[in-house]
Each structure stands twice: as structure tokens, then as C-alpha cells.
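Protein chains: 2
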Amino acid sequence: MVSLEQKASEWSGVDPKDAVAIDEINLFEKLGLQTFINLSTNFYIRVYDDEEEWFRSIFSNSNKEEAIRNQYEFFVQRMGGPNLYSQRKGHTALIGRHHTFPITHKAAERWLHHMQQALDSAADIDEDSKTKMINFFRHTAFFLVAGVELKNQNKGTGCKNCSHHH
Amino acid sequence: MVSLEQKASEWSGVDPKDAVAIDEINLFEKLGLQTFINLSTNFYIRVYDDEEEWFRSIFSNSNKEEAIRNQYEFFVQRMGGPNLYSQRKGHTALIGRHHTFPITHKAAERWLHHMQQALDSAADIDEDSKTKMINFFRHTAFFLVAGVELKNQNKGTGCKNCSHHH
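Each protein sequence line maps, in turn, to chains A and B.
With the working numbering, the residue at position 129 of the first sequence is 142, and numbering never jumps.
With the working numbering, the residue at position 117 of the second sequence is 130, and numbering never jumps.
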């Protein structure tokens, strides 16, 4: 069986080693909480303003402030800071918490486009940290594509006889 | 929609606040790596030796040493220590990584039975830490029951016409 990680690496083009380069230094200690808040705020302003309606609509049932906080708390927790996300919300459960969203390859690329723009405009993040972070984000985005695809396979897509069950 | 956390709290009987009491102190700093290795080793010896074949068989395709390491690295990461699990394996993705296991209410209780025994026999863990940990484990076990149930709903269980798809 091809693992989620293998799929994530293949689809993202990011080597597994590069995906965890965020752990080579403590990015939270290096950058500080406010930098993560700024990044997620900048990112979600772009997302909720996206000219591409199909992408913007993925977030239409989510509260923007809540989305920002969920994201930067997860980043802080994953990049060497305190477990802000888990202390407030419980397990990060990345795949479980994204299972209702239509995370296609195209959606992952659009997500990454906005995150790249947000990183490009972040004067408070050095180039080395940006490289580490975008590799992590890219790998993670396709890890979620793989995780959500798994769920859709389980749904038995294409069977018209039982579509009322889903 | 009832969230996974709400289901986990209801089924486990553990208040959400008690489930994250593990964060009130840094349990990794208090207990140290070896204590977590001991606990997971003790736990899996019991699991792989379980007289209940239905439960033991859940783990029959997993390597025992790998299962032990996966578990204590996750515990260390979640309870204040370094991100050992994510540095080696990527996202913890608790629900995504358990989706192939038949995690029923009964299986959660059996898992917790063995973990309680393992904790009871752990002379290197104080009573307060044991209480915090078992509440976290209990809540987490039923969080996974809820997460896996979600997947089974998606599978359209009970539709005989499309069983060949699953």
C-alpha cells in the first residue's frame, strides 16, 4: 500500500527530508508568536478575497477569525511553540478535521499560491525560514489531498444505487 | 452537527477540561523519556498477549516494536517533549492513521483496560500524572471511535448493492 506520506511527496515534489526541515531549528523561538499571527491573517485575507469563487466557497461556512486562529495556533504548535491548538481544541487530527472539505490537487495548489504570496509579503520572516515553511506547507497540502482522497474512495464514489446513503 | 469532541466527551464521560489537564504541567519534563518508553512497552506486551483474540487481531498486521515507538513518540510530543513523532513520520493525523482499524466502543474500552493496567504497574509515574494521563487517553480513545465512525458512515455501511466497492 502506498502511504499518505509517499503520495504527499510524489504529488508535492517535496522530499520528505525537506518537508521536516522546519524541525532543524525552533521556528517559533526564532520568529515569535506575532509573526505567525501576521502570516495567517495575511493568508486568510487573500483567501476570503480570492477572485476564484470555487476556491473562496470552500471557506464560506468558516468564520475568518476562527480560521486564522486555528491556523496560527497549529503552526505554533508544530514549529516548536506551546501546544496552543491542542489546549484549546483537542487533537489536531489534520485529516479528520478536513474531511468535509473538497481538497483536490487544484485546491491544494490554490491554497499554496495564497500562502506563497503571504510569505513573499512577510518582511518579518527570513528567507531560510520561508523556504523551510513553504516545503512543509506544500508537503502538508498534498498529504491532505491524499487523506481526503482516501475518504472519497471509502465512499464508493460512482455507485448510483447507494448514493442516498452518503 | 455534533463535533468529534462532543461525541468523545459524551462517550468517554471525560469532561473536555479534564481531557487536556495533561497540559497543566509539562509531563515530559516531569517524567522523562524512559518513563514513556516503559509505559508503551508495558502496554503493548499486554495487548499482543491479550486472551481476547478479537482485540489482539486488530494489531496482528502491526509490528510490535514499531507500535511501541509510534505510541511513546506521540505521547512525548503531545505531553511537552520534542516532536519525535512528526520528525520521524510526519503529521500525527490521529484519525487518518487509524482509519483502517475497527475502532469500536468495545475496542476503545479494551484498549483503555490494558492502558489502565500498564499505568497501575508503573512505579515511575505519580498518581496525579496517572489521573491526567488516563483522562487524556480515555477522551482520545473515544475521539477515535467518533472519527472512525464518521468514516464508516461515509462508506455507506449496510448498502448490499454496492458492497463490492468497499
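Errors might be hidden in some of the hints.
Note that identical chains are pooled: a pair holds if it fits in a single copy or bridges any two copies.
Result set (DMTMM-like, lysine to aspartate or glutamate): computed pairs, CA atoms no more than 20 Å apart in a straight line [to be verified]:
#: 1; residue 1: Lys43; residue 2: Asp63
#: 2; residue 1: Lys77; residue 2: Asp36
#: 3; residue 1: Lys102; residue 2: Glu65
#: 4; residue 1: Lys20; residue 2: Glu65
#: 5; residue 1: Lys102; residue 2: Asp36
#: 6; residue 1: Lys102; residue 2: Glu23
The set of hints was computed from the structure by calculation and includes no laboratory data.
Quick caveat, the model's predicted, so the values are computed rather than measured.
Up to 20 Å CA-CA - Asp36 versus Lys102, copy category: between (23 Å within a copy, 12 Å between copies)
Copy assignment of Lys77 with Asp36, given that the CA separation must stay at most 20 Å: neither (28 Å within a copy, 27 Å between copies)
Intra- versus inter-subunit Cα pairing at 20 Å for Lys20 with Glu65: So Lys20 and Glu65 fail the 20 Å test inside a copy (27 Å) and across (36 Å) alike.
Within, between, both or neither, where Lys102 and Glu23 count as close if Cα-Cα is 20 Å or less: between (31 Å within a copy, 16 Å between copies)
Homomeric proximity label, Lys43 with Asp63: Cα distance no greater than 20 Å: neither (31 Å within a copy, 47 Å between copies)
Intra- versus inter-subunit Cα pairing at 20 Å for Lys102 with Glu65: Cα proximity of Lys102 and Glu65: none, with 30 Å in one copy and 34 Å across.
The structure does not agree with the numbered hints 1, 2, 3 and 4 stated previously, though it agrees with the rest.
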